[in-house]
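Listed below are the residues making up each chain.
4 protein chains.
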Amino acid sequence: MTADDLVSLRRDLHRKPEPAWREFYTTARIVAELESRLGDELAELHVGPDAIAGEHRMAVPDDAELTHWYERARDAGIDETVLERLEGGYTGAVAVLERGEGPTVGLRVDIDALPRAESDDPNHAPATEGFRSEHEGAMHACGHDAHATIGIGVLERVARSDFRGTLKVFFQPAEEVVGGGKSMAESEHIRDIDALLAVHIGLDHPTGEIVAGIDGFLAVSHLEAAFTGESAHAGGHPEQGRNAVQAMATAVQNLYGIPRHNDGTTRVNAGVVEGGSAANVIPDEARIVAEVRGETTELMEYMKRRTRRVLRSAARMHDCEVDIETGAEAPSATSDQELVSVVADVAGETAGVERVLERDELGGSEDATFLMRKVQENGGRACYVGVGTDHPGGHHTATFDVDEASIGHGIDVLAGSIEQISRRQS
Amino acid sequence: MTADDLVSLRRDLHRKPEPAWREFYTTARIVAELESRLGDELAELHVGPDAIAGEHRMAVPDDAELTHWYERARDAGIDETVLERLEGGYTGAVAVLERGEGPTVGLRVDIDALPRAESDDPNHAPATEGFRSEHEGAMHACGHDAHATIGIGVLERVARSDFRGTLKVFFQPAEEVVGGGKSMAESEHIRDIDALLAVHIGLDHPTGEIVAGIDGFLAVSHLEAAFTGESAHAGGHPEQGRNAVQAMATAVQNLYGIPRHNDGTTRVNAGVVEGGSAANVIPDEARIVAEVRGETTELMEYMKRRTRRVLRSAARMHDCEVDIETGAEAPSATSDQELVSVVADVAGETAGVERVLERDELGGSEDATFLMRKVQENGGRACYVGVGTDHPGGHHTATFDVDEASIGHGIDVLAGSIEQISRRQS
Amino acid sequence: MTADDLVSLRRDLHRKPEPAWREFYTTARIVAELESRLGDELAELHVGPDAIAGEHRMAVPDDAELTHWYERARDAGIDETVLERLEGGYTGAVAVLERGEGPTVGLRVDIDALPRAESDDPNHAPATEGFRSEHEGAMHACGHDAHATIGIGVLERVARSDFRGTLKVFFQPAEEVVGGGKSMAESEHIRDIDALLAVHIGLDHPTGEIVAGIDGFLAVSHLEAAFTGESAHAGGHPEQGRNAVQAMATAVQNLYGIPRHNDGTTRVNAGVVEGGSAANVIPDEARIVAEVRGETTELMEYMKRRTRRVLRSAARMHDCEVDIETGAEAPSATSDQELVSVVADVAGETAGVERVLERDELGGSEDATFLMRKVQENGGRACYVGVGTDHPGGHHTATFDVDEASIGHGIDVLAGSIEQISRRQS
Amino acid sequence: MTADDLVSLRRDLHRKPEPAWREFYTTARIVAELESRLGDELAELHVGPDAIAGEHRMAVPDDAELTHWYERARDAGIDETVLERLEGGYTGAVAVLERGEGPTVGLRVDIDALPRAESDDPNHAPATEGFRSEHEGAMHACGHDAHATIGIGVLERVARSDFRGTLKVFFQPAEEVVGGGKSMAESEHIRDIDALLAVHIGLDHPTGEIVAGIDGFLAVSHLEAAFTGESAHAGGHPEQGRNAVQAMATAVQNLYGIPRHNDGTTRVNAGVVEGGSAANVIPDEARIVAEVRGETTELMEYMKRRTRRVLRSAARMHDCEVDIETGAEAPSATSDQELVSVVADVAGETAGVERVLERDELGGSEDATFLMRKVQENGGRACYVGVGTDHPGGHHTATFDVDEASIGHGIDVLAGSIEQISRRQS
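Chains as they are written, first to last, in our numbering: chain A, 858 to 1283; chain B, 858 to 1283; chain C, 858 to 1283; chain D, 858 to 1283.
Derived from the structure by calculation, the hints contain no laboratory data.
Among the hints, erroneous ones may be present.
Identical chains blur together in the list; that is why a pair holds if it fits in one copy or across any two.
Only pairs whose alpha carbons sit at most 20 Å apart, straight line, appear in this in silico SDA-like list of lysine to any residue [claimed, not checked]: (1) Lys1161 x Arg1117; (2) Lys1161 x Gly1184; (3) Lys1161 x Met915; (4) Lys1161 x Ala1083; (5) Lys1161 x Glu1096; (6) Lys1161 x Asp1180; (7) Lys1161 x Ile1181; (8) Lys1161 x Val1129; (9) Lys1161 x Gln1277.
Please take these sequences and the hints and turn them into a complete structure.
Below, the structure is given as structure tokens:
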């Protein structure tokens, strides 16, 4: 059973979803919560630019967008002292608990939301129970509100345990745009981690299931293509236009038609498109925001190459230019068996957990892989943990929601595993 | 030579372009100008809801959009007494000059701008001479700033002449969306018009050319298609999505491929498209704002039928729904020979006019056709006049501009024609 | 009323349709008919290589194809002496009647069929009345069987009249591929023509209508694009293929989407496509046979340029090569008013003719334009005549047929006009 | 080292490639070879209709096609007594060797070629060494010429060994169209098989590698879509056409864009397309021969559903009809570990074999799965064996060829395994 205060924290975060690098309210709320719950018990609490390596941020929105969200957070009445440190899109936090000799354990949770509208269907619990998104066009549609809550719950639990060593919880911004993981992996805080856990809720596993060791992260790359043609009066001189929307549509059709690859899974999505200015003007501008993925980095690169070819040829076909920018990217990673076993053991003895799977494939991407790889490169170990939750809609859809009972399962399994790691190593 | 004060009026309007039904500043500025120039000489000055039949407005934007532009106009320091009458998107004006017995002559000028960005290229005169659009994303790219100026100039000129009869100048809003013509055609002001002139500048004719009688207006219809699919995680479960952007792209490709028709000219344009929410989400929404045109109403209807078929089939193909709304429409119209001859005669004797064409084909659409047809139905006559102007960029492009000398030509030819009509009928 | 013997001649030709440059039976049958009907009355009868300038033939099929049809004609029992002169695809004939002093008048009729199957629907008269095509996949679907018949009928009629001068009837091959007109226009026989008539039946005009002067011929150009990619096992290694069919499909979609042009009518058609070898092989070859047309040569050239751009970009998009060959082309032409008047006058007095139109637009292409232009360049006059006929299906469709009564109208109007031209000039 | 006589047999088969159900020469040649090599040693030799369950043949070509190949085989001078039994496309053979008590072991080899042209590049060994395909448009591009040769070699080797039991070699027709496997699986000959081996050469494994147990066969389904529209004159009345080629191109574009699936590998290929009749006719007919595959039958069914949706919607979009026929299909199958171990052990001790892999994924389809599943259902075991060969071009490409040394490896490993199976069971 998840404590009422954690449920109400999760719902407050759900009500105020903030997309990548705009987690102003979210970060400040997390900091406030940590200070109120743990206060002086925390050895360190790094916020914003102190929590991340700012120069490694990827996919940061423009100033106008940042300002808009910054002001919205301020208007929501959150602590301005914290807020000011986040200005310019330096969000996120790292909380450190020191309990004497012992291993340094990390837990990574992500905290950003998605730029999509939330359902107001009466069957959608947040809508009927009063915690639907107050930010039109933004939504916690992937459970990061629950992740942030779990991070706080784990800190509190471990602080009350006989844990020996150091625990660092990474509240990571900008996962959805694969933009924040690298900036945390490049920060100094990651360097001494002996064991890193990362967590995700749901992923088609029901409440009561725990996956010890999720693998199969797809390498991912974001691309943005801007087509430029020439406008003309659509009635008077259609032949004088160079139609950027025709180029874009041709590209979209052929992007989805990039051949599947025998070496493994690939993905492509033209996630955002737009173009043109008025019905009676031949469109001179159009844009595609796309992503490609691959089971390996090579497969991702194959998709990138083919994507570029499609984009360039579609532009040429309609006598347009195209400017292609590569955005954020993330590699793949694999969980270490030693940690997989620890988590599986602990999960097997956790109340409410009915089924434990050792290893499962994700089939998506995650920039936790930056942190996992960094820890592994430094000789440490890493494990990605799945916490089942009944979710009515799929991830990233308008009716996604979590079963709040699973927040408790997450805290129990992760805190238990952290304590167990400490015991094994001492 | 165009008077300096008219040039500076035109430039002020150019600086403050307002798209359809948002001509708050523009209307108030025209009213202010008329009052300052003609004052009590005007018999009537109908503004906003008094100038148009409000229930016949088409393609009116939503309240938020109207409010945004309304407030921008207010902030520009224009007369609030006039402004208040325009609230809710009731823009435009009809000015009436009465000079005793004689025919009732109408002149229709349109006053709205386009929702497109203006060039800041150093070769673009408005940019270097300081009257480039101050409204980012809006531009007078079709010369309606010159049209409004001509309307005022003609009123002033006729008021100073020996004209006998009544002159009504229709400052029509919302031509670019084909949304305002009908509301003026359905107003009471049109009913007693014996002879109607309408004017357009440019149309690929250079400065010094006058076209007496433009025909070949294409009938036009606007459509908006909203595709709805289902979102899904693009990496994790692409197969669970129903991709609205794929449906949209398929539709765009096939819209432009609707067969040409042996009975005459047809057009189609997917002028604005957009869809999707994030790179990693299968898009569940997409939208096309399109227009179709035909040399006759039948051809326009043919294009509409084929467009609907394409849109519906593209939706089905990707398991999406599509909601299609028909927007504004306009018919075609033909100039009456009697007025064509008057205008040609007057133009032939106007200083600065080097070439007069009787009749030319437009190949575009115009909702002046609503007014022309109404006048003709009532037994009056109508003529659409083209005033040549050297324009560096094509109509509706970012570098469109007018040769201000042509404003004077327009005033001379139109005022001269109006006086001649009066003389012939009395 | 058309004479029974001409009806049965037309039906025999209908039964044995031969596409471009394969008119072996057709030419031999025409020659046989002329000899039987006119014998020594003909001053000259040029056949095959003597009738045309062989080096100007366009779109000649390959030897295997020619041989196939040649043998089929031989097997049909036609005169081998004539047949041998046609070998290698030198088909067509020019028959000359000399009747003393007077103008040299030309009549051009085309004689080829289309490579398309004929309907066997019980409502299709040729099917039920026993003269449906005996050549599977070929059909007289444009009435050239009637044209050839008219040519013979006119010769016979003029021979029995008081005509003074010289009459040349050009039985032209390969009109459907726009491949034969030039070879007749470049022959010596055209040089001394003072007045040329050309004829087409149908064109959406019903039986009893005559069009004196058809204009609006579209300039036309044929193109053939051969895409080459690389094959691969479609299940095992789809990524190793370079898919020529994807390239071709992308091209087809975008060819039909080439922007309409303000200067006038344009057309594009991907009339034949094919590609690939087996379901489980990524296709390494694909082909498009297309044509483009324009109201003027410039518009046709515009379409060609855009077509090439589309083809090349579509190939690049899928990493394929494309080889583009331009095939046969034809210009446009206009009828001379003097002949238009002659034909209109004669038609107005012809029994069975209920309506005479002076000038109409065709909206298609015709390589009679080569002959018309050549005559006009030499100071002569030309006129294209339409002879209405009730045709159940459209031109080029499986159910096209002619009302045989119109064959008589054609003979009456053309022979009458030829006699009238002779009278006027003498 | 492969015996010279086997090399020359393989080359003879390579020279005379025959696609599915047209293996007239091939079957007769195999029969002749068996009789000459083994004569009375064979207990049974079932040919054509006696080898297969004829009513279960799938994807049989039409009579004209069968006759064409039948006559070609006859003209090549092969034994007519055998040939006559194959008439109507009943090809293939089953050879039975009986050696007393012991297990009944099966070996399945396929014998058909592909309908694709073979390279005449000087680097392509068959071209320079004189055994390039003599059948234009057909080629052994997947090594089935080597498979047939291996089948004969194994029979001969086992006949000379101390093998105890029964050996049946299935020379299966029509694998490439997934059309023959079922007819052999449904024959009586399969019923008593205790252990079945199937073999494929190459598959990207070099000479010297053996794969004991290939899995990951994709389930496959063939589809053929015939679009019917309406023809029209492309210049005169494009609007009257209903363009089947536009429908087809739209379908192709969207078929390749069917979303990838999270549950596993999927494939789609529009392997053959064709449409239209002439450049100047709007195409009224078009055809796509496609195949879809899936890692599981469910995934294949998902692809089929989406394919049907695409085809139907593309037809509707262009006002065409579409007739969709499902062709041949095959399921997936898995090798039994017990046989995998036998083959691996034998291969490990075979001269020339440098590397043995236990289990590998194919990523293609194979209708050997019908036989494997049937044997497994009856309580027997099955194993699919890969024999590495250096192949210059990929499978199904114009430059595919095999390293003939691998034919010997195949015979050694398979014969050795068959003997070992016999030893273990007795």
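Quick rundown of the hints versus the structure:
Taking identical chains as interchangeable, the C-alpha atoms of lysine 1161 and arginine 1117 lie at most 20 Å apart whether they share a chain (13 Å) or sit on different chains (17 Å). Taking the shortest Cα distances, lysine 1161 and glycine 1184 sit within 20 Å of each other inside one copy (11 Å), while across copies they are farther apart (35 Å). Taking CA atoms no more than 20 Å apart as the test, lysine 1161 paired with methionine 915 passes inside one copy only; the shortest distance there is 18 Å, against 40 Å between copies. Taking the shortest alpha-carbon separations for lysine 1161 and alanine 1083, only the intra-copy value of 16 Å comes in at or below 20 Å, while the best inter-copy value is 28 Å.
In this homomeric assembly, lysine 1161 and glutamate 1096 come within 20 Å of each other (Cα to Cα) only across copies, at 13 Å, whereas the closest approach inside a single copy is 33 Å. In this assembly of identical chains, the alpha carbons of lysine 1161 and aspartate 1180 lie at most 20 Å apart only when taken from the same copy (14 Å versus 27 Å across copies). For the homomeric pair lysine 1161 and isoleucine 1181, the shortest alpha-carbon distance inside one copy (11 Å) is at most 20 Å, but the shortest distance between copies (29 Å) is not. Only within a single protomer do lysine 1161 and valine 1129 lie at most 20 Å apart by alpha-carbon distance; the minimum there is 17 Å, versus 27 Å between protomers.
In this homomeric assembly, lysine 1161 and glutamine 1277 never come within 20 Å of each other (Cα to Cα): the closest approach is 42 Å inside a single copy and 50 Å across copies.
Taken one by one, the earlier hints fail for this structure only at number 9.
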